[in-house]
Each structure stands twice: as C-alpha cells, then as structure tokens.
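*Asks:* Going down the list, the sequences are from chains F and Z. Quick note: the first sequence, position 181, residue 181 per my numbering, numbers continuous. Take any residue in the second sequence, note its place counting from 1, add 1000, and you have its number in my numbering.
Honestly, I wouldn't trust all of these hints.
As the list claims (entries may be wrong) - Taking CB as the label site, the calculated pair distances span:
id : chain 1 : residue 1 : chain 2 : residue 2 : range
1  : Z       : Y1181     : F       : G20       : 45 to 55 Å
2  : F       : R194      : Z       : L1113     : 50 to 60 Å
3  : F       : L44       : Z       : G1117     : 57 to 67 Å
4  : F       : A128      : Z       : S1030     : 26 to 36 Å
5  : Z       : Y1181     : F       : D51       : 28 to 38 Å
6  : Z       : V1197     : F       : V175      : 51 to 61 Å
7  : Z       : I1003     : F       : T74       : 46 to 56 Å
8  : Z       : N1034     : F       : S100      : 43 to 53 Å
What the hints assert, rightly or not - Partner residues are not named here, just some residues of chain F that face chain Z (Cβ under 10 Å, in silico):
id : residue
9  : R26
10 : S30
11 : V38
12 : T48
13 : E66
14 : T67
15 : W91
16 : L93
17 : T150
18 : H153
19 : E157
20 : L191
21 : R194
Said to hold, decoys possible - Derived coverage of chain Z by chain F (criterion: at least 3 residues anywhere in the stretch with Cβ under 8 Å from a Cβ of chain F; other residues may be distant):
id : segment
22 : 1048-1055
23 : 1100-1109
None of these hints come from the bench; they were simulated from the model. Don't be surprised by glycine CBs; every beta carbon is placed ideally from N, CA and C.
There are 2 protein chains.
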Amino acid sequence: MPITDIDRLIQMLAKLPGLGPRSARRAALSLINNPDAVMRPLALALTTAADNVKACSICGNLDTTETCAICTDTRRDGLLICVVEQVGDLWALERSATYSGHYHVLGGVLAPLDGIGPDDLAIDALVARAKNSDVTEIILATSATVDGRTTAHYISERLEGFVAKITVLAHGIPVGGELDYLDDGTLAAALRDRHTV
Amino acid sequence: MPITDIDRLIQMLAKLPGLGPRSARRAALSLINNPDAVMRPLALALTTAADNVKACSICGNLDTTETCAICTDTRRDGLLICVVEQVGDLWALERSATYSGHYHVLGGVLAPLDGIGPDDLAIDALVARAKNSDVTEIILATSATVDGRTTAHYISERLEGFVAKITVLAHGIPVGGELDYLDDGTLAAALRDRHTV
C-alpha cells in the first residue's frame, strides 16, 4: 500500500514531542475534520514562524526581531542577567512574572559524555556580556540536576572577577507540594535553608 | 505585549487533541529548533492533506481519491460491511489486520441529548447500500457504550429485511488483561460467553 497524504501527515505529527503514534493519528483525524478552522491556519503559523523566528543576537531568546523584546525593553533591569539552559526555561520564568531583568540562554548544559563542552554552549558570549557591561548580578538558573549544577559551577568560575554577584536559585519545597511525596534531597535542603516566619 | 508568531504557533498547536498548553510550548520549541527538517515539511503535509483528503463517497473512509482504497480493492470481500463510528475505529480495525471486508463510517453515534439524531449519521446511506447490493452480513462495530449500543440497536432495526445477517462484536477479557482490573460487566460477559478450549 502506498504512503498516502494522511500517512505522511501522521508521520510528521508523530515527530512532535508529546505525540506518540496513537495521538498523532487522533490529531491527524481532528485536523482533517477541521481543514479550514485548524489545519490551514496551523500550516500558515508553521510557515510564518519558520520564516520569521530567530535567536536574539544578545541573549539567545527566540523572537521575530534581531534583538528580542526582552533585551530591547527599557523597563527591564539590564544590570541583572538570568542564565537559563533553554528558551523553555526562559518562558517558564516569564510566566512566573517575578523577574524583570535580562536573560542569557546557554543552549544546553555541559555533558562531557555526550560530547557537549563549553564551546557548544553560549558561555563565551555570557562572559563577554559580563566583561563589557555594568552587569551587577548574574543568576545561574540551570536545572538542579548533576549536569545543571556542574554547568553552573563551571560558569561561576569563568565569571569570577567580571561580575560582583553570582547567585543560584533557592532549593526547597515546591509551593503546593506535600512533604510525604518529596525526595530526601529536597527535604534536606528545605530544612537546612529554613527561616523564621 | 503583542501576540508574536511564536504565540500564534503555540495557540494553534494547543488545539490538537492530546496537546495541552505546556506540551504545545514544548512542541513549538522543538519545531523552531528544526525548521527545515520538521517544521516546513509538517506545514507542507498539512496543506497537502487539506487539499487532497476527502471522505469516500461510498463508505465515508478518508482518502485522497473519490472512492477509497478499501472500497476499490478487489481482493476485499464486498459482501461484508463493518459499521464503525469514526474513521479512527476503521484504522484500528485495519491495524488488527484480521478483517478483509468493506466498511461504513457513521460519523458518530445517536445522542439525543446532544441533538444528534439518525439524520446526522450516515444511516440512510447504509440502508441504501444494504438494499441495493448483495451484502450478506453487516457487522455493527460501534463502541460498547450506552450510546454505541443504542445506535447499533437502532441500525439493526432499520436494516431488518435488507440483509441476511447482522452481527455485533464479542465482549470479553482484553488480550493481556488481568482479571483483577476488569469491570464487572466485562467479567460477566466473558463468563457468560465462555467456550471449551
């Protein structure tokens, strides 16, 4: 049986993270049932984004302009840089609506076993930003994984002398989290960093 | 903040079944990171499918031709029609590779509370197929839900006199299923329809 347009659509949808073969089929059926309301607009949105979206030349955030909306926003604090692994982490911090400084997207973490070294991440660019500007604090918001911590440690050494203050995110109990379901490491960190009410 | 091309892409992706806002963001990021390998091909697959895919004029299956590949396949048994609710059910039966007859896609089930009556489903077309051909058996493969059973019952009454044999799928323990996790109805049906080994 030859591969039809439907099969090809399912194959392409199955490449999206979060969609397996089964949900790709469901998605394809739902799209075919809504060709004008969903299918063509999605195709257009994909093409437009493929044409226009690029990484910000300063921080690595994704936007449709050469310099992203965050880097050009004068209401944000340019003396504060938050270093994140991926653009998704930047989006998550923006959703929390508690941070108003600038960002720096590394593009991953150091992973020697996978062949990812300092040259594969935007670390030189970060050091250059710290050197050539008046940045007062750099927040290392990498993941609390072994690789994330190693990366933060390496970056903090590289930044030494170029910025007054280097910080990392606090560990503790997630808001809404139940103690019974937390791992020992988180509980220990929460207990260690306890503070008076 | 104005809606960017990225936001629009995420909004469109979030309309797919199985993708919530979070996974739509992940999918959008993965697409933007692979513009030429995944993003543009997906846009092309969507446009091609929107242009070419239509419902088969005989059975309602989706294909790129006026009459679908199953209805035109001479190796399949045209005297046998399997009635399914949706094209997805047809695909599931095809994947099981145990059925070689034709199909009839209803387009849903009778649901008076939602205003879906017999005229909203392809029931007249099914009766016409039974009347005007030599079909020997019609299998009512609707879901084992209340609505599905009601629909099957209604259709069997409508077909009476036009076809020699009307059948429904067997109930029983799913292959690989553990008795402990099965509902009472399934267990009762499996016990009632037991057979000698």
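*Asks:* Does the structure break any of the earlier hints, and which numbers would those be?
*Replies:* Result: hints 1, 3, 5, 7, 8, 13, 14, 16, 17, 18, 19, 20, 21, 23 break, sorted rising.
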